[in-house]
Structure formats: C-alpha cells, structure tokens
Amino acid sequence: MSAVGHPWRRRLHVSAVAFFGLLMAAPFYWMIINSFKSSREVVAYPPTWWPIEWHFENIEAALGFLDPSAIVNSVIFTAIITIAQLTLVVMTGFALAKMHFFGRGPLLTLFVLTMFVPGQVALIPTFILIRNLNWIDTFMGLCIPIIAQTSFGVFIFRQFYVSMPNEILDAAKIDGAHWGQIFVRIVLPLSGPPIAAYTAVTVLTAWNMYAWPLIATTERDMRVLPLALAGLGQSFSQTPPNIAMMAVLLSTLPIIVFFIFCQRYFINGLGGAIKE
Amino acid sequence: MSKTDTAEARVAATPRIAPRRKNNGRTDSPFWAALFVGPNVVLFTLFMIVPILWGLGLSVFDWNLIGEPRFVGLQNYTDILKDARALNSVWKTVYLVFLGVVPTVVLSFLIAVLINTTFPGYTVFRTMYLLPIVISLVASAVLWRFIYDPRVGPIAQLLSVFGISGPNWLQDTTWAMPALSLVIVWLRLPLGVILYLAALQQINPQLLEAAEIDGAGPWAKLRHVIWPNVMPVTLLVLVLTLRGIIFDSFDIAFVMTRGGPLNSTDILAVYIYDLAFAQLRLGYASALSTVLFVIVTILALIFNPPRRRPTNGDPV
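Residue numbers (the working numbering), protein chains in the order written: chain C, 67 to 342; chain R, 49 to 364.
If you're looking for bench data, these hints aren't it; they were derived computationally from the structure.
Here the structure is a predicted model, which means the values were calculated and not measured.
The beta carbon of each residue, even a glycine, is placed where N, CA and C say it ideally should be.
Please note that a few of the clues may not be correct.
A few chain R residues that face chain C, going by a derived Cβ cut-off under 10 Å, partial list only [unchecked claim]: (1) Val85; (2) Val108; (3) Thr165; (4) Ala204; (5) Ile261; (6) Gly263; (7) Ile294; (8) Phe295; (9) Leu316; (10) Phe341.
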C-alpha cells in the first residue's frame, strides 16, 4: 500500500515495517547473543537478553566442534557443484535455443518433464548406483548426482537464449566464426545477469544441502557443514548451547555476507521471474 | 529454500515455451551440438533418468540391498494400506503441508503489502525480512531447538511474562508439529515476499488511484484491487511452498524431532529415510516414495487446478 496519507499514518506504517522486520530477524539476534555467552549464562534462568560478558573464545571452541575438514569439504562441494552445473546448463540451454540438431525437440521435452518429478523418487536408486560405483565417501559420489540435476537450469537458460536476437549470432557466422567462438566471445558476455542469479541460488542451495550428503557419506572426514551442525542439534547435553549457537552463526556467516552483497541478484532473479 | 523453488518460480512464470523458430532447412554441424549438449545428456541420463525409472521399478520388488531382489508385484502398495505407521505418516505429511502452506501464503502477501514502500533506512529492514532465505534448514533446526527450549528459550520467557506456562514444544505430541511448521513458515516467507513484491510493483497505480477516487478505504483496496491483481502469484507461491515443504521438511523434522514424540512428526520423508537407510527395505521405501509423488501431485492439483493457469498446465 502506498504510504501517502496523514503523517501519523505514515509513522504508524514505518513503525509496523520496523517491528515485523525485527520480529523476522529476532531468531538471528538470539543466535548471535547466545553464541557469545558463557556456558553458565546461556543456560541460566531467566535467560538474559544481552550477554553479561562477551566470550570470543567460543569462536575457537565452535570451530573445533565443526571441525575444519567439514568447512573445507563444504567449500569444495559448493564450488564444484556451482561451476560444473553452471557450465552444463549454460551450454545446453544455449544449444537447445539456438542450434539446430537432430533430437532437439525430444531432448527439451525430456528436461521439461523431469523438472516435475520429485527428487525423492530418484534418491534411493541414486544411492544404490553410487554404492555400486564405490563412490560412497568420495567427492565424485557427493557431487555428481547433484550436478546432474540440470533440468531447471537448462530450461531457464534456454528461455533466456530464445529471447536473444539471432541477428547478433548471424553477423558473427557470416564473418566465419564457429559456434565455439560465437559462444565465448558474443554469447557469454551477454549472459551476465542470468548467470549471476543462477550462481547466487546454486551457491546457497549447495552450501545448505543436507539429505544427499547424509546418505552419500559415512566417514567423519567427508562430512559437509550441515552434517556437522546436525550433530550439534541432536542434543544440547553433549555440546553446550552457546557453542552450538556459535557453530550455527559461523556456518551461516559466509552465506549471510554473500547474500547481503548479492541481494540484488536474488531479488531481481526471483522477482524478475514474474515480470512478463 | 531450495534451488528447485526458485528455478520453478521462473519456469512457472515464463509465459510459454516460445514458438519454435523456422529451421530454414539447415542443421548445424553435429560436432558442436554434441559438444554443447553431450556431457549434460550423459550425466542427466545416468543420474536422473535411470534413477527415476529404477525407483519406479524397484517399488515392485522386495530387496534389502544384499540378497537377490524378489519380484512381489503390487504387494508393496497393498502393504502400505496395512501399515499403520505409513498411514500415519501420510496424514502427518498432509497436516504439515496445510499448517505450512496457508500461513506462508497469507503472511507473505501481507508482509509484501506492508513493506511495498520506501523510507530512509528501508533497505535495512527489507534485508531483515529476507534474511531467513540464507540460513540452512539444518542450521535453523539447531537454532530453533534452542529457541523452543522450555526453560531458557525466549518463547517460554515471553509467555511467562503473561503468566502462561508454555508446553515443552518439541516434546509435546500436540505442539511438535505446529512448532516445526512455524520454523518452515519462517524459512519460506522470504521467497513469497519477493514474489509478491514484484507482483505488487506490476499493479497499475492508476487502478489504485481510481479506487481511491471511488472512495475505497485501505481494506477495500486490499480486498478488491490488490488481492485479485496478484492472484497468479498466489497460485505460484502456493505450489512452490507446497513442494518446498514436502522436500525441505525432511531436514527440519529429522534434526529437530526425528519424527517423534510418539511419531507425531513422522512425515513420509522421515519414514522413507528410515525404511531405506536404516531398515534397508528398499522396495517398500520406493513404493512409499511413489505414493509421496502421487500425494504431491494431488495436493498441487487441489491448490492449483491446471485450468486456472492455462499457461502452465503442468501438475506440480
């Protein structure tokens, strides 16, 4: 609703925006203050709404619980998936939009149809497949089935390239450029916005992924961050809550920073979807 | 949030597959097409198509991963009807969907209307509304377990100010499911808000002015101008939330309650995980996965009959 009207109504509106915003962010506030409390204060009754003392040594303790290998694994996992999947979907999307080859129509239909089959139908057989390939507890097993989930990306990029004018490509073709040159020199430089949006969302999804890594890994050194975190969540008796909260904060922090910088791409990417 | 949602948001909103261009009778060199499409097609076939078909096939076998698979026909499906835990988990799944979908849609609409404004410092507050989009399901499950703590949690503390002694949310068979759904709603609001915000900005301001001239108050404008104009987005948010809840709820339920107390949050995704990876009843688990797929499709059709969105006739 536009906020024109009486000044008091405007003030009321702004206060409401602020109030509910703070309410949405309140769990984050709770996470931050509790991650700096001492292990006695964090379980004290009644709870304090501001730490009496700030215990920065909790950071070190939480990193110990998360264990560095999980952090490294998460970075590798996220990077591999984002780069590999992006490469696949951009190229396939482009080919389906602009190249003429045998089987193009059926291929597009295949990608579109599988978009609507829920992943859980494929989960069990994928596990059996990875197990038979002896890929349990390897990055191959962890990453490849996720990279293969390309149907949405292919469709998005195909839609993007369909609306790209052919004249741009034709001019290059007349000059004798082959598809590889056209793609690298002309198409990619024009694909910034959808690539940024897709990257933002893929990084977020991969960093937060839980179910597949839970199934595809058994060893401690192959864990990704959500697996390490889930262990902390099962029981606060083994890990003091202040350390658990610090672990949640530390594992979320990189992605919060990433989000604040890339917010534009999220909002444009998601919101832009419904602009015709 | 999962990428599936966002991607789907874009897909469902894309008007229609553009009409195929005329081929002009030429075909590009198969070399380049193979190079661009080949790697993806190979991976996609091996790790998506094959598993999907395999999953359907597996659902008519009895297999424990070690012995020989035994063909049992439709027995897995008839067993579901005799399995009290399966029926309970079907019911719990549907219950969670309704507890999650309706508040998500209503609240994200109201929030979008509320924050569709601007004032100095506005972006800071907008970021607050969108922040839950970044936190993982697992991280928020750990965080909310602590928030729900009956002794030192802030909710219990606030309630005690009003003299109410709240239940032990996650250990109470009545409250555990609503408690989970609150976390899910919190996590899924940002996507709905973003989609509604974009839709609100598409509304022709002249419509609102005309309504004002006709003497419409804020409520009348909301009810008769804004709401009908964002209807397509409402359907989109409904379906996205539905799918998101079905697929994301595993992380939340598995970490926060493991299906307990007394199976009160034992949704299908948790039961299927238990069957497949703890009990190794792979055939039966596959049959239940297929049932889950059917349920999602039916719910999607209830929420969003295809006839109302001719541009997007897909069932899910």
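A quick look at each hint next to the structure:
1. Val85: With a closest approach of 5 Å, the Val85 of chain R hint holds.
2. Val108: Check failed: Cβ of Val108 of chain R comes no nearer than 13 Å to chain C, outside 10 Å.
3. Thr165: Interface hint status for Thr165 of chain R: holds (5 Å vs cutoff 10 Å).
4. Ala204: It holds, given that the least Cβ distance between Ala204 of chain R and chain C is near 9 Å, below 10 Å.
5. Ile261: Since the shortest Cβ distance to chain C is 14 Å, the answer is violated.
6. Gly263: violated (15 Å)
7. Ile294: Holds, about 7 Å.
8. Phe295: holds (7 Å)
9. Leu316: holds (9 Å)
10. Phe341: This hint holds: Phe341 of chain R lies near chain C, its Cβ roughly 5 Å from the closest one there, short of 10 Å.
Hints 2, 5, 6 from the earlier list are contradicted by this structure; the remaining hints agree with it.
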